[in-house]
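**Q** If you read the sequences in order, they're chains A and B. Sequential numbering from 1 applies to the first sequence in the working numbering. Sequential numbering from 243 applies to the second sequence in the working numbering.
Each hint can be trusted.
Taking CB as the label site, the calculated pair distances span:
# : chain 1 : residue 1 : chain 2 : residue 2 : range
1 : A       : Lys119    : B       : Asn645    : 21 to 31 Å
2 : A       : Gln132    : B       : Leu553    : 23 to 33 Å
3 : B       : Gln644    : A       : Glu24     : 27 to 37 Å
4 : A       : Lys119    : B       : Thr789    : 32 to 42 Å
5 : B       : Leu780    : A       : Ser65     : 27 to 37 Å
6 : A       : Asn53     : B       : Asn783    : 15 to 25 Å
Calculated Cβ distances over 12 Å to all of chain A for the following chain B residues:
#  : residue
7  : Glu312
8  : Leu320
9  : Thr509
10 : Lys687
For the record, the hints were derived by calculation from the structure and aren't laboratory data. Just so we're clear, the structure is a prediction, and the values are computed from it rather than from any experiment. Glycine included, every Cβ here is placed at the ideal spot set by N, Cα and C.
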Amino acid sequence: MIKIENVSKSYVKGKKSIDNLNLEIKDGEIFGFLGPNGAGKTTTIKMITGILNIDEGDIFIDGKSITKEPIDAKKEFGFVPDSPDMFLKLKGIEYLNFLADIYGIPNEKRKERIEELTKKFEIYDNLNSEMQSYSHGMRQKVVICGALLNNPRNWILDEPMTGLDPKSSHDLKEMMRKHIKDGNTVFFSTHVLEVAEKLCDRVGIINKGKLVFVGTYEEMKNKFKENKSLEDLFLEITENEE
Amino acid sequence: MKNKVMVLTKVIFKNSFQNMETAKSTNESKNKKSKSMIILYIFAFIYLAGIIGVFSNGLIKELIAINQEEMFLGLILLAIAIFVLIQTIFSAINLLYYSKDNEYILPLPIKPSEIVAAKTNVLLITEYSIVAILGLIPLTIYGILTSASILYYISMLIVLIAFPIIPVLISSLLVLIVMSFAKFTKNRNRFQLIATLFILVVVFALSFTMNDSTTTPEQMAQMVIKANGLVEMLRGAFPTLGMAIDGLTNVSLENQILNLFLLVVTTTVIYIIYIAVGQKLYLKGAVGNLYSGKKNKKKLDEAKAFKKSTLFKTYVGKEFKILIRNPIFLMQCVLPAILFPILIIVLTFAGMKGEQNGVEMDITSMVTNKTSIYLGVGILCAIQFFLMFIYISATAISRDGQNAVFMKYIPVPLMKQIDYKVFPNIVMTTFMNILTIVMVEYLLKLPIIYLLLITIAGIMMGVLQSYISIIVDLKKPKLEWSSEYAVVKQNMNLIWPVILGLLNITVMIILTVVVSGFINSYIFICIIAVVYLFLTMLVRNYIEKNTIKLFEKIY
Ligand SMILES: Nc1ncnc2c1ncn2[C@@H]1O[C@H](COP(=O)(O)OP(=O)(O)OP(=O)(O)O)[C@@H](O)[C@H]1O
Ligand SMILES: [Mg+2]
Chain A
1 MIKIENVSKS YVKGKKSIDN LNLEIKDGEI FGFLGPNGAG KTTTIKMITG
51 ILNIDEGDIF IDGKSITKEP IDAKKEFGFV PDSPDMFLKL KGIEYLNFLA
101 DIYGIPNEKR KERIEELTKK FEIYDNLNSE MQSYSHGMRQ KVVICGALLN
151 NPRNWILDEP MTGLDPKSSH DLKEMMRKHI KDGNTVFFST HVLEVAEKLC
201 DRVGIINKGK LVFVGTYEEM KNKFKENKSL EDLFLEITEN EE
Chain B
243 MKNKVMVLTK VIFKNSFQNM ETAKSTNESK NKKSKSMIIL YIFAFIYLAG
293 IIGVFSNGLI KELIAINQEE MFLGLILLAI AIFVLIQTIF SAINLLYYSK
343 DNEYILPLPI KPSEIVAAKT NVLLITEYSI VAILGLIPLT IYGILTSASI
393 LYYISMLIVL IAFPIIPVLI SSLLVLIVMS FAKFTKNRNR FQLIATLFIL
443 VVVFALSFTM NDSTTTPEQM AQMVIKANGL VEMLRGAFPT LGMAIDGLTN
493 VSLENQILNL FLLVVTTTVI YIIYIAVGQK LYLKGAVGNL YSGKKNKKKL
543 DEAKAFKKST LFKTYVGKEF KILIRNPIFL MQCVLPAILF PILIIVLTFA
593 GMKGEQNGVE MDITSMVTNK TSIYLGVGIL CAIQFFLMFI YISATAISRD
643 GQNAVFMKYI PVPLMKQIDY KVFPNIVMTT FMNILTIVMV EYLLKLPIIY
693 LLLITIAGIM MGVLQSYISI IVDLKKPKLE WSSEYAVVKQ NMNLIWPVIL
743 GLLNITVMII LTVVVSGFIN SYIFICIIAV VYLFLTMLVR NYIEKNTIKL
793 FEKIY
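Isolated chain A (complex conformation) (with noise of 0.2 Å):
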């Protein structure tokens, strides 16, 4: 569960790049952010995740707060960065012994968890080279991996489907499913309205800082009273907000 209360952030004094959020991210689902470029996702990820200073508010995952219990609400998240080049100079197995050390995820668990989601990915057989030498969706399935090996109970993903074959974002969204009947949750930003309309059991639309809609795709539906596709509604909701 991840909760964000009257959260502001301001890069720049005097300009507000998120203004006043408020959403719940319940347990047992999967949430979609949407929202054009610059309009927010990437900042609020990072107040979440402990990357970025809260200016106003506060945020909490599994009611602990990122800012008051900093370590511990650390544990309870997976984050995968919208950038998939991480340690490029280490190899893969380097990188996910890395995390499953700051983990501390056991010797036996470790071995059984990297085999299975790395092979699911296949990228079992790149693990023993040079992170340098992968291709973009080999980094990013590297990193999926890292923020899921100690299996926690949050996810939160920034654009995770960039880069990935559809066979492989096929499989990471058949994961998120798996994961949240077991009353987990997934927070996830993305661009393909289409991935948000299938998967996701509520969106939260959000532009130029200011949340303008939260709920199910039928709920945005009977809100506007018209038929129409969710493409069509989301460039609506995002060009009336002037």
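Start from chain A and add chain B with the ligands according to the hints.
**A** Quick look at chain B with the ligands alone, frame taken from chain A:
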């Protein structure tokens, strides 16, 4: 052709320096802040320039007293040549082969000779900034002190512009030759490393053979004693050095003008040859396949691959891996810790040779008071000097670039991570420390207890420096860089270790002069060690109390 070269030069230059500007600052308060930073840097520059100036002033006056002031010209020019030679090797490897702009430039319809010319221009421009400090200031002071005519200043400018070019070309050519073998290799990373080390070995071998020239040991020792010896020896091997010196010396007007003319002509000829050879080597060389990145699928060793280890081991291990696998980081951050003491070994052996042949050069017996307070502090000052070139901690955050945010979302306390990141710096400074001390012991044969105290004080100094440096990096991290080189070279933060180091040396010397009369040297070194320990605790405490604020800029 000229136009293209100029445009390209400008683009490459701007690109490699754009990171120096303070990015991310648009609002006024930040602008003010960066203005005050600029003022600070100007002060730092003046401080550096001042030290060089004071040093030159003293040396020239000494030399004037014994009517040998012209020796100064040779020494300065030699210093410039050596500095530029070594410096260019590093920057040439980066600019010609590792720089990311290659990806954009190589596909453009530009002749290789133009690319080489433009890149060499950038190398030259960069070197002139060093020449400005290392050459312009001392030579101007020389002019003032010897009340030289306007002719001297004009010659000085010509010499300072023309003279550094050939050292740049030599180093750059050396890099081009070695790197052109890269296409025969399969493992590009390993080759880069080996090639880089090879070039360094060549440089040191050269500096060794300079000392080991065919002159008889007696002559050699006398030359070293004359201090000017090296310059005299090099005149033969390095003709433009002689031309530059004679071009500055007022023997006769014709002679001076002739030498300046020769200097400019020689430089031009060598430049033309360099471009002709360089363009062939450059394209033949590694450029084409540098970025192909080989995918070697080595099988995992399943028995070893999934071993758990402690957080400390795994984190520090990761830091070391990234440092060592990156040729640029390795050269700039790790090697100085080893190379500087080794350089002393080389010079020491040269000195020892003189001694063997009966000339009075026995350093061991020259130092009569083995527990002198000045000796101890002197060694500490030398260690502090070497410390200024170990950048591991001063770039610990910036080296991670965009990955620095990683520190903030993993569930490991930031203070712990700082300790881990500082640790490699402490290891390398300690290593450098011990190497230096071993050499000092070999030379001077100090009492072991005194030496031990000095070692401890030196190590404490290294620890203190490690923690202070990381604060500097945290306050002004450089997370968006185009090539690794920008982090370790075009990084204004690195001036801080130098400033603080010089400050430390100054304070230590002043304190020593003040207390030397009435304090035991053992006790004094102990006090120094304790003070460093105390300061380290203070600094670490400061970081611990302010971690959140210190990490504010990393996102
Ligand atoms: N480092 C920064 N400094 C100043 N402003 C920033 C910084 N990063 C983001 N911003 C601003 O904050 C706003 C939100 O940016 P953010 O990166 O959160 O957008 P986003 O929704 O993730 O966009 P995209 O879809 O392109 O990824 C933008 O207006 C952007 O200009
Ligand atoms: Mg984004």
